[in-house]
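**Student:** Protein chains in written order, with our numbering: chain A, 1 to 95; chain B, 1 to 101; chain C, 1 to 211.
Rather than coming from a laboratory, the hints here were simulated on the basis of the structure.
One thing to keep in mind: the hints can contain errors.
[To be verified] Short, incomplete list of chain A residues facing chain C, as computed with Cβ under 7 Å:
1) Arg19
2) Phe38
3) Pro39
4) Leu55
5) Glu71
6) Gln74
7) Asp75
8) Leu77
9) Asp78
10) Glu80
Even glycine gets a Cβ: it sits at the ideal position worked out from N, Cα and C.
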Amino acid sequence: MTERTYLRVREDMPPGHVRTPAYLRGKTGWIERELGSFPNPEELAYRHAGTPTPLLRVRFSMAEVWGDAAENPQDTLDAEIYAHWLAPAEAPHAT
Amino acid sequence: MGGTAAGPVPDASHDFALWEKRVDALLVIASSEGHFTVDGLRRVLEDMGEEAFETMSYYERWISSVNQNLIEAGVYTTAELATKMTEVAARGPTYGEAASD
Amino acid sequence: MPHDHHDHLSPSGHPYRPDNDHPLTYWQQMEIAVRELLIEKGVTTAAEISAQIDAMDARSPTDGAKVVARAWTDPAFREALFADASAATREMGFDIGPMRLIALENTAEVHNVVVCTLCSCYPRNLLGLPPDWYKSRAYRARTVKEPRKVLAEFGVDLPDGTTVRVHDSTADMRYVVIPMRPEGTEGLDEEALAALVTRDSMIGTGLAKAP
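Could you put together the complete structure from these sequences and hints?
**Tutor:** Set out below in structure tokens:
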């Protein structure tokens, strides 16, 4: 297995249109794949051009996302998250 | 809404009515013409809030958002919409009578 | 016919579509008004709207089933599909438009299931419009947290040893699941195989049918 690059989702809770699900904020996952750049939807939503922004598929363990409430800690959740929502991180304890 | 508690997944389904298909088509056409983006559609849907989710059907929410986006884009004005909706209502009580074609 | 009533016939003598003979709702009035304004403003035409509806009506899970059957039988296509599903399906002749598609492979070890918690993103240009349950609050809320319970409601019971991968379709990608090829299908051709591929098996809430 190649080394995982871990990223943590920002915990911000701004009002308005964002594409980062609330249940993933503050959670740490690893890059599943990089998807290239897409216009920032938070700008598109308000009729602006949309700055090209890298989009990544990030994989989280269910243990990381739901803690003890996870149905099966080994299962995973993948989501597409824009780079400005992500910061470098250490591997979480749960994985 | 990911992760919130909810009951069983409903298994009822329905065939789309013509007016629902038209809403879908208007969205695809108006967004491909550059009058708004899918994110603009979603932004208005989200701003409508939880109550709309409970009280309006899927395509009712969509036409509401499509309309809001088209007014914001300047495709037509609120006054033009108001005049047109009054005109449509005056044609008759059913969809078949009120549709112009 | 016994169900015919004169007041259900349009002036042309044809029955109205089912939605045509109920009192118009406010939102239906809005649809008519918006549509007519878009035509008057030259944004679109009645013909273009009809063509768009026809194009969407023509799309259905049978399109996706053909992609799955080909992936089961053609190793080169399978490889191309997992490398770039948009290009591979376009190559097959499907009009998927600008859709960015990712194919997810179900195996004995991994079961993929797709949800959109933020709205109702769905590979509509390949599979047609999503089923009502896919857009429901219950499916969107629960699939990311208790996918195994949701799958069990759909009749899919997975062994503990199988990893469930939930894909939340949050942004610009759309997903199609390539279900496992059922046992006992060695002799079947692509067409017979495609008939085993259900819509739900391509969302991940079902399995391909046994022959």
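**Student:** Are any of the numbered hints broken by this structure? If so, which, sorted upward?
**Tutor:** The structure conflicts with hint 3 only, although it agrees with all the remaining ones.
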